[in-house]
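Novice: Go by the hints and put chain C onto chain H.
Read top to bottom, the protein sequences are chains H and C. Heads up: the first sequence is residues 1 to 537, going by the numbering used here. Heads up: the second sequence is residues 538 to 831, going by the numbering used here.
These are calculated hints, taken from the structure and not from any lab test. Wrong hints could be hidden among the right ones.
30 Å max Cα-Cα, derived DSSO-like pairs, lysine-lysine [said to hold, decoys possible]: (1) H:Lys9 x H:Lys307; (2) H:Lys307 x C:Lys749; (3) C:Lys785 x H:Lys307; (4) C:Lys783 x H:Lys291; (5) H:Lys100 x H:Lys178; (6) H:Lys429 x H:Lys453; (7) C:Lys831 x H:Lys291; (8) H:Lys307 x C:Lys754; (9) C:Lys831 x H:Lys307.
The structure displayed is predicted, hence computed values, not measured ones.
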Amino acid sequence: MTKIYDVHKRLFLTLLLIGIFLWSLSSVTWNSDLVHGSGMDTLMEIVTALFMPDLSGEILTVALESIVITVVYAVAGMSLALVLAFFLGIFASGILAETKAGKIVSSSFFRGILSFMRAIHELVWAWLFVASFGLSPYAAILALALPYAGILGRIFADLLADVPKEPIESLKLAGASKWQTLLYGYLPQVRAGILSYVMYRFECAIRSSAIMSFVGLGGIGYQIQLSLDDLAYNEVWTFLYCLIAMVLLIDLWSRYIRHSNAASAAKQWFKFLIPAALLSGSWIYIIFVQKAEFLSLFSSENLLYVKEFFSGLAGLEEEEPAFLSGQAWMEALQLTWETLKMSIMAIGISAVLMMITVLPAARNIADGSLILQKNWYSQLLYGIIRIIYIFSRAIPELIWAMMIIFVFKPGILPGALALALHNFGILGKLCAETIEDSDERPIKNLAVAGARKYQLLFYGILPSVLPKFLSYILYRWEVIMRTTIVVGFVGAGGLGQQFKMSMSFFHYSSITQLLLCYIVLVFIADAFSEGARKAVK
Amino acid sequence: MKAFKIGFIILLLLLITACGQDNSADNSDTQEQETFKIGAIPDQDAAELSRSMDGIADYIAEETGLEVEYVPSVDYSALVTAFDRGEIQLAWFGGLTGVQARNLVPEAEAIAQRPRDEEFTSVFIAQSDAGIESLEDLEGASFTFGSESSTSGHLMPRHFLMEAGITPEEDFDGVPNYSGSHDKTYKLVESGAFTAGVLSEAVWESAISDKKVDLSKVKAFYTTPEYYDYNWTINTVDDTFGDGTKDKVKEAILNMGSGQADYLDLFQTDSFIETQNDNYKDIEEVAKQLGIIK
Numbered sequence: 001m002t003k004i005y006d007v008h009k010r011l012f013l014t015l016l017l018i019g020i021f022l023w024s025l026s027s028v029t030w031n032s033d034l035v036h037g038s039g040m041d042t043l044m045e046i047v048t049a050l051f052m053p054d055l056s057g058e059i060l061t062v063a064l065e066s067i068v069i070t071v072v073y074a075v076a077g078m079s080l081a082l083v084l085a086f087f088l089g090i091f092a093s094g095i096l097a098e099t100k101a102g103k104i105v106s107s108s109f110f111r112g113i114l115s116f117m118r119a120i121h122e123l124v125w126a127w128l129f130v131a132s133f134g135l136s137p138y139a140a141i142l143a144l145a146l147p148y149a150g151i152l153g154r155i156f157a158d159l160l161a162d163v164p165k166e167p168i169e170s171l172k173l174a175g176a177s178k179w180q181t182l183l184y185g186y187l188p189q190v191r192a193g194i195l196s197y198v199m200y201r202f203e204c205a206i207r208s209s210a211i212m213s214f215v216g217l218g219g220i221g222y223q224i225q226l227s228l229d230d231l232a233y234n235e236v237w238t239f240l241y242c243l244i245a246m247v248l249l250i251d252l253w254s255r256y257i258r259h260s261n262a263a264s265a266a267k268q269w270f271k272f273l274i275p276a277a278l279l280s281g282s283w284i285y286i287i288f289v290q291k292a293e294f295l296s297l298f299s300s301e302n303l304l305y306v307k308e309f310f311s312g313l314a315g316l317e318e319e320e321p322a323f324l325s326g327q328a329w330m331e332a333l334q335l336t337w338e339t340l341k342m343s344i345m346a347i348g349i350s351a352v353l354m355m356i357t358v359l360p361a362a363r364n365i366a367d368g369s370l371i372l373q374k375n376w377y378s379q380l381l382y383g384i385i386r387i388i389y390i391f392s393r394a395i396p397e398l399i400w401a402m403m404i405i406f407v408f409k410p411g412i413l414p415g416a417l418a419l420a421l422h423n424f425g426i427l428g429k430l431c432a433e434t435i436e437d438s439d440e441r442p443i444k445n446l447a448v449a450g451a452r453k454y455q456l457l458f459y460g461i462l463p464s465v466l467p468k469f470l471s472y473i474l475y476r477w478e479v480i481m482r483t484t485i486v487v488g489f490v491g492a493g494g495l496g497q498q499f500k501m502s503m504s505f506f507h508y509s510s511i512t513q514l515l516l517c518y519i520v521l522v523f524i525a526d527a528f529s530e531g532a533r534k535a536v537k
Numbered sequence: 538m539k540a541f542k543i544g545f546i547i548l549l550l551l552l553i554t555a556c557g558q559d560n561s562a563d564n565s566d567t568q569e570q571e572t573f574k575i576g577a578i579p580d581q582d583a584a585e586l587s588r589s590m591d592g593i594a595d596y597i598a599e600e601t602g603l604e605v606e607y608v609p610s611v612d613y614s615a616l617v618t619a620f621d622r623g624e625i626q627l628a629w630f631g632g633l634t635g636v637q638a639r640n641l642v643p644e645a646e647a648i649a650q651r652p653r654d655e656e657f658t659s660v661f662i663a664q665s666d667a668g669i670e671s672l673e674d675l676e677g678a679s680f681t682f683g684s685e686s687s688t689s690g691h692l693m694p695r696h697f698l699m700e701a702g703i704t705p706e707e708d709f710d711g712v713p714n715y716s717g718s719h720d721k722t723y724k725l726v727e728s729g730a731f732t733a734g735v736l737s738e739a740v741w742e743s744a745i746s747d748k749k750v751d752l753s754k755v756k757a758f759y760t761t762p763e764y765y766d767y768n769w770t771i772n773t774v775d776d777t778f779g780d781g782t783k784d785k786v787k788e789a790i791l792n793m794g795s796g797q798a799d800y801l802d803l804f805q806t807d808s809f810i811e812t813q814n815d816n817y818k819d820i821e822e823v824a825k826q827l828g829i830i831k
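Isolated chain H, as found in the complex:
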């Protein structure tokens, strides 16, 4: 009986989500007016340039230099994030607490901190840090470190809390201290899980580091922005290819770490050498080449600016702060509403694109091992779709938005499209891997029993993978919600666009107001998505 209920619950949720998506589409008037007069010509130019990147020595040198800075910031930010996540994660998991009450207090307090850290997008953090510390590399590094520590810390805490308790108990019985149980009981059990997640996050950190240029902190994003300003699309693609190459390298590296069973000592060393070299190289670069001084961030002068900045945000220096004005609230709420619609449209479009492409993108379907039939074109199709996925996810939303804004008129549609373009590749990769990892036996049985392709699809593959798909879609929706503000920066509508305006005009209290709306929106999305994911489990 419960089983039937479960099935219906999922169906109900799916229908509800589809309904919401269709409703969000209705908020755009669909006609040719959405595209600029010669938007299609611009699109063609961008696509043509894709095949003709500028490979002159000058551009390549610039690309190489700026990708180094991008990687350096990403590594430094990630290393700080790891340290923060390690300690915050342990406290948030509550495993060190003696009493049950202590556990609840510690875990809810630190989980609260972690969720605040990750609710705010790294670019918004960056802007806050630049405004208080000035243009120091540490502004970029801290801006990366905080939200990433928030995400990693939560995952770490979840893993720690879910550890099987038997080995821990036996360690305790043997007289191990609290730190010994942590070191020899908990940590070894979560190591594999956390490692692969850290690698995935490192890939994201490279992209985040790339867009830090938007607040004035260098890196490859700055070069992309300059080239886009000159409408030099072939240069843009050169830089984007560099970014794609970085993402691929990290992908390879992470695959190597996860799949190589490091038996030999040489392999062990090699595994350890890469991160050590990256880490020391990055910090040496920041400290000795860029001569960034960490302690100078906390000079009395800076303290004054921080104080001034926050009293500005609190509206102390304005006669009528925005958050006391009813009209300003009306406008902010209107934008919040638009932003919500943008996020739903974005996840809907990426989910639809993913569903269309995901089957041929799964290796075990492409090579015929799962469905026991094979076409001459399936391998080719697999390759093409996987390449599209890589392009899609390697390019940050913000940069997609900067290009799309040339084709579509400003508004929520270009924002939604930019978010969808980036997330479609991520969803596609995650979901294709789900199919690859799914239990093959029932499907093979169906295939042997003579089921046709569409029957295999509806009775074999989809039922086993859909719950997981749904939870990935909900999870990406959370991420999209957080990113809506960023695509708005370049004119793609919603809260972000107004945020950028208020920043330019130094209207601090209206920035606070928009940030409040944004954070509430992110928290609501998180809560809804978490509830819905529990329901489909």
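Specialist: Positioned in the frame of chain H, the structure of chain C alone reads:
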């Protein structure tokens, strides 16, 4: 697991040494503090701007004996913030950004401008075949400003549009776009991305004389009345760099001439003349009316 632990220890060590390093750097790096930094709003081609500003930095260094460095900025407000924080000593601002900066640093002073900045104008452009001949015709067209912080690319054009009875947020086809720079504005109109736009007349002229714009595709249809615009604004520098620094820098700028033609060319001028804070009262007034300055 072992590698994991070692890695973690190294990471901690690195962090500790990183902090230690900062201590010593803090004391010995006073030289760094004394560099006189100049900036400019990134309102046109960044590569060209870098070239001319580097030249001007070298020139001021030569004339004043200071160590001068040009620091590029990504957007207008970043430069204003840096100026406010004393990270930039001398900046080439637009009318509005100058007013914003001097509001934040009341002792800052506008010291020089180009002759053309006394009688600056913006020019409205449109695609040649769009049939747009006057501001009123812009109703229903898609439109792009320059940077939202630009005087000639946004503030004054918005003012003149409102006077002509056009409310940008309501009367255009969709909301107006903010391209970010003057060069990008005409490129976007030329490429067809937007039907019409507005930019500084100076940039438009040089685009025409350098043949960077295809006049068969884009045409100018309206030039605004004159207003004050760009200026060199100097921060409170006498405290840090010694009394008389402000005057020395001002003199150096006003003395630029044919010897510095290479980088003056990129500013589309052959000299700089004196100016003063009061010249920008009108701009402040308009910015207040439009709610940009509160």
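Novice: Give a verdict on every hint.
Specialist: These are the hints, each one checked on the structure:
no. : hint                : verdict
1   : H:Lys9 x H:Lys307   : violated, 51 Å
2   : H:Lys307 x C:Lys749 : violated, 47 Å
3   : C:Lys785 x H:Lys307 : violated, 34 Å
4   : C:Lys783 x H:Lys291 : holds, 29 Å
5   : H:Lys100 x H:Lys178 : holds, 16 Å
6   : H:Lys429 x H:Lys453 : holds, 22 Å
7   : C:Lys831 x H:Lys291 : violated, 38 Å
8   : H:Lys307 x C:Lys754 : violated, 51 Å
9   : C:Lys831 x H:Lys307 : holds, 20 Å
In this structure, the hints that do not hold are numbers 1, 2, 3, 7 and 8, in rising order.
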